[in-house]
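Colleague: Those protein sequence lines, which keep their order, are chains E and B.
Note that my numbering has the first sequence beginning at 1, numbered continuously upward.
Note that my numbering has the second sequence beginning at 1001, numbered continuously upward.
Hint data in this document are derived by calculation from the structure and do not stem from the laboratory.
Take these hints with a grain of salt, some might be off.
Claimed, not checked - Derived DSBU-like pairs (lysine-lysine); straight-line CA-CA distance at most 30 Å: (1) B:Lys1069 <-> B:Lys1102; (2) B:Lys1069 <-> E:Lys57; (3) E:Lys18 <-> B:Lys1102.
Said to hold, decoys possible - Far from chain B by the CB rule (all over 10 Å, computed), these chain E residues: (4) Arg68; (5) Pro75; (6) Glu79; (7) Asn84; (8) Thr101; (9) Gly105; (10) Thr111.
For glycine and all other residues, C-beta sits at the position ideal for the given N, C-alpha and C.
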Amino acid sequence: EAQVTQNPRYLITVTGKKLTVTCSQNMNHEYMSWYRQDPGLGLRQIYYSMNVEVTDKGDVPEGYKVSRKEKRNFPLILESPSPNQTSLYFCASSLGFPGNTIYFGEGSWLTVV
Amino acid sequence: AQSVTQLGSHVSVSEGALVLLRCNYSSSVPPYLFWYVQYPNQGLQLLLKYTSAATLVKGINGFEAEFKKSETSFHLTKPSAHMSDAAEYFCAVRFPNTGFQKLVFGTGTRLLVSP
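With these hints in hand, go ahead and build the complete structure from the sequences.
Modeller: Shown next as structure tokens:
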């Protein structure tokens, strides 16, 4: 089954404790991306990647890091989480052509206390 | 700067009534346009997309949208609302001035359907 898998789905952590949210897709997609969803703000893009070793900042990259060492994986790293990073996070992927459907994971609820 | 505007954070309709959710974008060059639906506690599901083919696009669950270049709009409609349509709807755009690499979302419209 074609899917985008995120882990963990739910996490409560403390300020400053590094964490990684993993994202994996099994569709051989070139394009992968991370979004955060906050009430009233919709989804905002954090980082995206056009292919292995090619990443770029989205609209809200501060406080986040990403890497794309393999085509299927695109982890999101919070080096020193802060409460303002409490949010619902989505990973997404698609084939390279921009008109292609973008598939989303089920989301990761992150709370930083 | 590129932007996507969804008018109305909440839209209420009665079951059987017309659904109209509005989306406008800022670009003089036609972008790629998408509508996604999010049911409570779930991820996003694609309803339909415009990729420079027919301007009237039909999607799943009876939804359709019309691309109007002159109005820079891509409004979502459904002739007759069903209770199961209650969800949050997002318009999303890939703009040409970013090489279509960035996907920009509107702030979403929550559709409420009453019996």
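Colleague: Next, verify each hint and record whether it holds.
Modeller: Results of checking the hints against the structure:
Restraint check for B:Lys1069 and B:Lys1102: satisfied, since their Cα atoms lie roughly 20 Å apart, inside the 30 Å limit. A distance of roughly 29 Å separates the Cα atoms of B:Lys1069 and E:Lys57; the hinted pair therefore holds under the 30 Å criterion. For a cut-off of 30 Å, the pair hint linking E:Lys18 to B:Lys1102 stands: about 27 Å separates their Cα positions. Every C-beta of chain B lies more than 10 Å from that of E:Arg68, the closest at about 14 Å, which supports listing it as non-interface.
The beta carbon of E:Pro75 is kept farther than 10 Å from every beta carbon of chain B, the shortest such distance being approximately 18 Å. For E:Glu79, the shortest C-beta to C-beta distance to chain B comes to about 23 Å, beyond the 10 Å cut-off, and the non-interface label holds. Annotated as non-interface, E:Asn84 keeps its C-beta farther than 10 Å from every C-beta of chain B; the closest such distance is 18 Å. At roughly 5 Å from the closest C-beta of chain B, the C-beta of E:Thr101 falls inside 10 Å, breaking its exclusion from the interface.
Remark: the non-interface label on E:Gly105 conflicts with the geometry, its nearest Cβ contact in chain B lying 6 Å away (cut-off 10 Å). Against chain B, the non-interface label of E:Thr111 holds: every CB pair exceeds 10 Å, the least being about 15 Å.
The structure shown violates the earlier hints numbered 8, 9.
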